[in-house]
Each structure stands twice: as C-alpha cells, then as structure tokens.
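Protein chains: 2
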Amino acid sequence: MTQILILGAGFGGVWAAEALANQPAQVLILDKNNYHTFLPLLYQVAAAELEPERIAQPVRSIIRQRNNVRFALQEVVGVDLAAQTVQTAVGQTLAYDYLLIALGSTNHYFGIPGAAEHSFTLKSVEEGIALRNHILRCVEKAARETDTAVRRQLLTFVIIGGGPTGVEYAGALSELLYQPLDKDFPELDLRHEAKVVLVEAADGLLRGIGGGDYALQRLQRMGVDVRLNTQVSEIQADAVTLNKGETIIPTVSPIWTAGVQGVPLAQLDLPRVRGGRLAVRPTLQVEGHDNVFVVGDLAYLEQDGQMLPGVAQVAMQGGRHAAQNILRHLAGQSLLPFRYKDKGAMATIGRNAAVANIGGRQFTGFVAWVLWLVIHIFFLIGFRNRIGVLTNWAWNYLFYERVVRLILPSKRVE
Amino acid sequence: MTQILILGAGFGGVWAAEALANQPAQVLILDKNNYHTFLPLLYQVAAAELEPERIAQPVRSIIRQRNNVRFALQEVVGVDLAAQTVQTAVGQTLAYDYLLIALGSTNHYFGIPGAAEHSFTLKSVEEGIALRNHILRCVEKAARETDTAVRRQLLTFVIIGGGPTGVEYAGALSELLYQPLDKDFPELDLRHEAKVVLVEAADGLLRGIGGGDYALQRLQRMGVDVRLNTQVSEIQADAVTLNKGETIIPTVSPIWTAGVQGVPLAQLDLPRVRGGRLAVRPTLQVEGHDNVFVVGDLAYLEQDGQMLPGVAQVAMQGGRHAAQNILRHLAGQSLLPFRYKDKGAMATIGRNAAVANIGGRQFTGFVAWVLWLVIHIFFLIGFRNRIGVLTNWAWNYLFYERVVRLILPSKRVE
Numbered sequence: 001m002t003q004i005l006i007l008g009a010g011f012g013g014v015w016a017a018e019a020l021a022n023q024p025a026q027v028l029i030l031d032k033n034n035y036h037t038f039l040p041l042l043y044q045v046a047a048a049e050l051e052p053e054r055i056a057q058p059v060r061s062i063i064r065q066r067n068n069v070r071f072a073l074q075e076v077v078g079v080d081l082a083a084q085t086v087q088t089a090v091g092q093t094l095a096y097d098y099l100l101i102a103l104g105s106t107n108h109y110f111g112i113p114g115a116a117e118h119s120f121t122l123k124s125v126e127e128g129i130a131l132r133n134h135i136l137r138c139v140e141k142a143a144r145e146t147d148t149a150v151r152r153q154l155l156t157f158v159i160i161g162g163g164p165t166g167v168e169y170a171g172a173l174s175e176l177l178y179q180p181l182d183k184d185f186p187e188l189d190l191r192h193e194a195k196v197v198l199v200e201a202a203d204g205l206l207r208g209i210g211g212g213d214y215a216l217q218r219l220q221r222m223g224v225d226v227r228l229n230t231q232v233s234e235i236q237a238d239a240v241t242l243n244k245g246e247t248i249i250p251t252v253s254p255i256w257t258a259g260v261q262g263v264p265l266a267q268l269d270l271p272r273v274r275g276g277r278l279a280v281r282p283t284l285q286v287e288g289h290d291n292v293f294v295v296g297d298l299a300y301l302e303q304d305g306q307m308l309p310g311v312a313q314v315a316m317q318g319g320r321h322a323a324q325n326i327l328r329h330l331a332g333q334s335l336l337p338f339r340y341k342d343k344g345a346m347a348t349i350g351r352n353a354a355v356a357n358i359g360g361r362q363f364t365g366f367v368a369w370v371l372w373l374v375i376h377i378f379f380l381i382g383f384r385n386r387i388g389v390l391t392n393w394a395w396n397y398l399f400y401e402r403v404v405r406l407i408l409p410s411k412r413v414e
Numbered sequence: 415m416t417q418i419l420i421l422g423a424g425f426g427g428v429w430a431a432e433a434l435a436n437q438p439a440q441v442l443i444l445d446k447n448n449y450h451t452f453l454p455l456l457y458q459v460a461a462a463e464l465e466p467e468r469i470a471q472p473v474r475s476i477i478r479q480r481n482n483v484r485f486a487l488q489e490v491v492g493v494d495l496a497a498q499t500v501q502t503a504v505g506q507t508l509a510y511d512y513l514l515i516a517l518g519s520t521n522h523y524f525g526i527p528g529a530a531e532h533s534f535t536l537k538s539v540e541e542g543i544a545l546r547n548h549i550l551r552c553v554e555k556a557a558r559e560t561d562t563a564v565r566r567q568l569l570t571f572v573i574i575g576g577g578p579t580g581v582e583y584a585g586a587l588s589e590l591l592y593q594p595l596d597k598d599f600p601e602l603d604l605r606h607e608a609k610v611v612l613v614e615a616a617d618g619l620l621r622g623i624g625g626g627d628y629a630l631q632r633l634q635r636m637g638v639d640v641r642l643n644t645q646v647s648e649i650q651a652d653a654v655t656l657n658k659g660e661t662i663i664p665t666v667s668p669i670w671t672a673g674v675q676g677v678p679l680a681q682l683d684l685p686r687v688r689g690g691r692l693a694v695r696p697t698l699q700v701e702g703h704d705n706v707f708v709v710g711d712l713a714y715l716e717q718d719g720q721m722l723p724g725v726a727q728v729a730m731q732g733g734r735h736a737a738q739n740i741l742r743h744l745a746g747q748s749l750l751p752f753r754y755k756d757k758g759a760m761a762t763i764g765r766n767a768a769v770a771n772i773g774g775r776q777f778t779g780f781v782a783w784v785l786w787l788v789i790h791i792f793f794l795i796g797f798r799n800r801i802g803v804l805t806n807w808a809w810n811y812l813f814y815e816r817v818v819r820l821i822l823p824s825k826r827v828e
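Keeping their order, the protein sequence lines are chains C and F. For the first sequence, the positions run 1 to 414 when the working numbering is used. For the second sequence, the positions run 415 to 828 when the working numbering is used.
Please keep in mind that the hints were generated in silico from the structure rather than gathered at the bench. Some hints here could point you the wrong way.
Here are some chain F residues pointing at chain C (derived, C-beta under 7 Å) [claimed, not checked]:
(1) Lys446
(2) Glu465
(3) Glu467
(4) Pro472
(5) Arg474
(6) Arg480
(7) Asn482
(8) Ala486
(9) Leu487
(10) Phe524
(11) Gly525
(12) Ala556
(13) Glu559
(14) Asp598
(15) Ile821
(16) Leu822
C-beta: ideal position from N, C-alpha, C; glycine also.
So that you can see chain C by itself, here it is in the shape it has in the complex (with noise of 0.2 Å):
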C-alpha cells in the first residue's frame, strides 16, 4: 500500500493527516514531541495564565478514529529523496512513495550578538514553560532584594517585536505583573517597580494585521513602555543595547519575539531561498521532486506578489491541500495549485482589549476580544481543551486572578 509520510505534527501536518483518514495509502506522521502545539495560545502560559496541558494534545488521540494513519516518537534528522528513505535521530529509516514535510519554523536572530545565546522564546511549549518559570523566579529574587538597582533589573522584562506574539505577551505580561502577582507580592510594590518594554524597529506595531495604532495606545495604558523605530544592538546576560549603545536597558529578561526561520535539517538536499524556507511549486511540490511536499512555515510561496505569512491558517490550508493534491496524484489525476484564503488576522491586547482584521473589516476594543475569543476556542483542538481553556479564561476574567503561577520543572534549569 502506498505509504505517506508527514513529518512534524503542527497545523500543516495534522491538516493533512485528516485530510488523508480513510484513504487508501498507509499516513504516518512524525513528531519530537508527542503532542500538537496550539501555538497561538502559547505567550498564555509563558504569561502563568494557562496550563501547558491546555495548549498540548496528544497526537494519538487526534488520529485514533483514522484507521490509516499512525504516529511515531521520532524526531527527523534527515531526508534522502532519491533513495526516498527519513533518517530518525534513533537510527531508523522509513520509506515513503510521498513524503509531506511541515516541521514549521524556529527562531531566528538576524545574527545580533547575544540574542541567541541570551534570550527567551516562544516557540515551543517547552520554551513557554522555562519563559514562566523564569519571569516567576525573577519576582521572587526580587521579593528579597534589598538592592534597589538589582531589583529593577529583576523587574524589567524587555520584549523583542511588535509583531502579534509581542504584543500579545506585553500585555499579558503586564497583566500578570500589576494584578495577580501584585496581590501575591505585598515586599514589592509591583505597580511601581515592575516593567515591561516592548521594542519595534518599525514605526508602528502588528504590521500585517493592523490596529497597530490601537494596540500602541491599550499598551501604553497598560503601562507598558513600547519604543518603535528602536533597533537592539545587542543582548547581554544582565542587559539589552538599543540604537547601537543610545540606550541600555539592565534586564536578565530579554524576550525575542522578533524573527523566525525555517526549520534547519541537516541532511535535506533542497535549496533554502528566504528564511530559511524551502522552495515549492504552486502545487506545494518541491522542483524536481514530484512526491516530496512542503507546507507551512517551511514552504516559500509568493500569492500576489507576497510571501505567504508564517501563520496557523496558512499551515492548516496548506496541509489539507497538499493532502488532496497527493490523492489526486495517486488516482492519476492533475494537481491543483494551493490558492489561500485569508480568514484574517487577530491579536488580543488584554481584558476586552483586541484588535481583528476579518474580510477586510477592521475591529478594535471589546467586540474583536469577543471574536478573538471565540475563535480560538473553536479552532482549540478537543473538545475537553476547549472547555478547560474557556474555565480559565471566566476565571481570570472575573477574579482578576491568574491559575497557574507555578514554578514547575523544566529543561532550561538556573
């Protein structure tokens, strides 16, 4: 029977796997982890807002009706695509008629001294988590700090990007800082010493989505300090350099939100073109390679003119497409080029505080909080998570309250 192999279990590869149930060919996906990330919602647990459990759902549950498709533990190190055979980091290697590759992306630092070795991410709930433990830790050092200096750069947290991830977590952040963790802290005086700095090299934040000009003005009466057309320099173990040495900020909490490349593999003969991605067809088939896809963050496809965007829906759409077109390839027939459709953008500010961009229309304040929210919690994958999700939501909602302030194990250990 034929068999397809999808690497990495993120939105493109489990849209395709679904696409794929009850087909004739043998689906096998393959993941490092043994969950689908809901990415979207990850700067909430970096924020203590939710459990990781929430975000995380066990791939095998996902395909367990799909008597086609299996899951394997097994983290890909590389492709040989004329032998047609994956290499695992175990050793083992999986033949494959079609192979779809959607491992996404990772971050990126356009090379800036010390972001890499020195800063927070977001790109994985094992990165949320140490983000969590980290910013909860540093209140708690700062709790029996009698150094005023040391205990405002305890309190500072300077997030990288203005994008929907840096905006999402300032606010959230700041949400944390001066309401629950306020209350929990009665030494400190949080609303005074703690910050949160946002930093945009562009003029303006959300570009691409919009409601940049909104989200700016929530921000600042939040209390978050955003400065646009500000570069960083470089990051440091105890500060961040802006507009090359204008401005240093002493921080051990730099937050980089501000970039994203392709998944690196190192065995993977294809040429990378820009960020790291790979190069597809319209029809999401590599050149050359008629049985070898690419969706997601890894895929380099222009629409109109423009790069596709790094985002769920690009993925999710990519996915089910490039499924239906291996389909069409097996059954003889010819392959469709993938045509996205926009559904729009969205980023949430805070309470009642978001910003929509759906169709066209652009939606600010209360009711884009409202879409926002409804939304994600239809898109949030099982239906126990949804309900779990939206429990945490009312209760923070109502009680001003945060879940999960949790110091919990993780694998960045200090």
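Start from chain C and add chain F according to the hints.
Just chain F now, with coordinates in the frame of chain C:
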C-alpha cells in the same frame, strides 16, 4: 515583633501558618518550591490522570489574605540553634524567635544496591512528571521496537512497596496501560504485552490501613502481578532482582514506593532517631530548645507505644498544634501535649474500587471509592483546583480516558 520561621510549605507548614494567621507575630514560610503539593494525589500525575497544576497551589495565593504571613522561595541549608538563625542556599541568614521545622520526608532505599540510582519515585511534583514522561516514552519506544524481548522489557513496570502509594499507583498505571494507551497504540497489544508487577516484602498489602485482601484480589483482577513475601535484592538499569537472584525481571521502570526517611539537613545539630526523624517531646518541641518545634514526617513521636505514621493528617494536626503551642509560649501559658486523632485512612485501587478505614469501620469497593473521592476533593487546597480535579476525574470516569498523556519537559532528561 516576634518572628516565627516555618521551614517547608507542606501540610505541616501550611496548617501551622493558618493557625498563626492574624496573631501578634510575623510569620515567614520558606520552601524551595513556590507551591504547596497535595501529595496524596501525586500518583495520579504520574499516571497521566491529573495535570501537575491540579495538585500544586502557589503558597503566596494560599497566604494572600493573611497579613502577618509571608513567603520566600528559598532552600534551607542549615539551622544555627545557638544563634537562632537559618541559612539558605543563596547565602541569606534569617533570624527567628520561634522555629517550626516541617521539611517532611524523602525516599529511603535501605541500602539496596542500585535502588537510589535507577528507581523512579513519587515524592515530588518533579518526580511525578519525570515518571509520567518515562512511562509514555517507554510505550512509544516499544511501538517501534521489533525485538520481542526488548519490547517486553520496555512494557514491564515494577512497583516496589505495597503500601498506599504502591497500591494506588499499580491500579492507576494498569488502568492507563490497558485502557487509553491500548486505544492510542494500535500497533501494540498492550493488554497482553504490558505488565505491572507489584512487589511487597510482607505477606499482605496496605498494612496499617487494612483491606489488603480486597486490594490484592482487585489488583489481580485488573491484571497486576502482585508478589507478596518478596524482597528486592538489587536494582539495575535494565532489571530488578528479587529474593537474592531467585527471579530477575527485565525492566527499565523500577518505581520505588517502599521507604521514606526524614529530609536530611547538612547543618542541624539535633540527633536523628529512627528513619532519620528528629525526636520531639509531646509538646512537639525538641529537647533543649523550647523555641524549636518539629512536625510531620520529620518528627519522631510515639503515641500509645507506636510511632506516629507519615501521613498528611499527622502533619496537619501537628502543624496546627505546634502553632498553638507557640502562641501559648508567647503568652506565658504552659504548653499542651500533642495527641493525634486518627480520622482514618484510605487507598483507591481503580474504577469504583477503594478501601477505607474510618472510625474503626472498614469499607471496601464502591462505597469506599465514593468516600475517598469526597474526602480528597474536600481537602484539596483551593476551590478552583477542586473543580479542575473533579472535571478530570469525571471525564476519565465517563470516557475511560486520560487527558494528560503528554511528554512535557522535566528535569530528568533521557
């Protein structure tokens, strides 16, 4: 103002702090974690049944309403009884007028070779997560293993100790393997290939609680291989040796629940008696230091000729009593001897099955299970955690599901 230091935010420390709330003294709790752990349900974390967040409650949120009670995230490394100070891992020295030591217990291996190096354990949230990750990784590895002997080794789990923790975990683990994981892994036949072995040195389970015969039958019906009158002689990375070499069970999953000892503290000039405990007078004071109290698993006290058991109830009642004695001492009143009121003991074995001993009456089966449920929900700290735990349990009960089958980051990296 009088300064009371409480070492440890377990049951003893938290209940003592409650009793000292709004009294004329400053109270400071020290713990190396920022949360209180509801240890009686830790085995459910390790069985992928509850999220770790459900059994952990931030200490600061517990004491938030208590104006005279503070918390500091600090590990205690020593006590200077003469100077009346406590030393912490970050080099701080904290002075006290009264000291309440409630640091609890840690694992004890009775010198069995390899036990400390190779065993998984169930004494902290961290250990529970590490064990959960390990179990799930073993099954994932087995799914891609073609060698029958290796697969069998990966799917054999040996629990050492037939007390409440061992019995409860044996039941929960076999339910996890034979129900949700069996559905998750169509490539394995877990009902035949996976095996849970429970090893107990004595001739019965659940000594001190009763209901051992019922537990034995019930576990056997659930497929657990219970071995009574069996000694563990050695634990290796790949096997557990029983009865001096009579039996060798190939496994990479020895789970130690057989012994505990008082938490060691490098710099504390007090004699250790049985099980690494510190001897206390009936007033819970240590000999020679009227202002130093010890409660919980770390205290050695006999009642009616028997050492008080290492259970939550003893710690809670002891913590409250020590707090009241501190207040009496402050007020110049004579101190009262501690008397533990045994409210009963219980252990759950699985769906609809538990044993309970309440007020001298023995319950088994469904009635005991409902009692267990109600009492554990009642004692879970935090209203919101109660709801969350109930939701998880209801879901598991109705759908034979486990919701938390995620391999999330933990400090113990394989």
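Here's how the hints hold up against the structure:
1. For Lys446 (chain F), the shortest C-beta to C-beta distance to chain C is roughly 10 Å, which exceeds 7 Å, and the interface hint is violated.
2. For Glu465 (chain F), the interface hint holds, the least distance from its beta-carbon to any beta-carbon of chain C being 5 Å, beneath 7 Å.
3. Interface restraint check: Glu467 (chain F) against chain C, minimum CB-CB distance 5 Å, threshold 7 Å, status holds.
4. Below 7 Å, beta-carbon pairs count as interface contacts, and Pro472 (chain F) has one with chain C at about 5 Å; its hint therefore holds.
5. A distance limit of 7 Å between C-beta atoms decides the matter here; for Arg474 (chain F) the minimum to chain C is near 4 Å, and the interface restraint holds.
6. For Arg480 (chain F), the interface hint is violated, the least distance from its beta-carbon to any beta-carbon of chain C being 10 Å, above 7 Å.
7. Violation of the interface hint for Asn482 (chain F) is found here, the shortest Cβ-Cβ separation to chain C being roughly 11 Å, above the 7 Å cut-off.
8. For Ala486 (chain F), the interface hint holds, the least distance from its beta-carbon to any beta-carbon of chain C being 6 Å, beneath 7 Å.
9. Restraint check, Leu487 (chain F) versus chain C: the minimum CB separation of about 4 Å is within 7 Å; hint holds.
10. The criterion of a C-beta within 7 Å of any C-beta in chain C is not met by Phe524 (chain F), whose closest approach is roughly 27 Å, and the hint is violated.
11. The restraint placing Gly525 (chain F) at the interface with chain C is violated, with a minimum CB-CB distance near 28 Å, outside the 7 Å limit.
12. Hint status for Ala556 (chain F): violated, given a least beta-carbon distance of 11 Å to chain C, over 7 Å.
13. For the restraint placing Glu559 (chain F) at the interface with chain C, the shortest Cβ-Cβ distance is roughly 10 Å, beyond the 7 Å limit, so the hint is violated.
14. At a threshold of 7 Å, the smallest CB-CB gap from Asp598 (chain F) to chain C is about 4 Å, leaving the interface hint in force.
15. The closest approach between the C-beta of Ile821 (chain F) and any C-beta of chain C is roughly 5 Å, which is under the 7 Å cut-off, so the hint is satisfied.
16. Taking 7 Å as the C-beta contact cut-off toward chain C, the hint placing Leu822 (chain F) at the interface holds, the least distance being around 6 Å.
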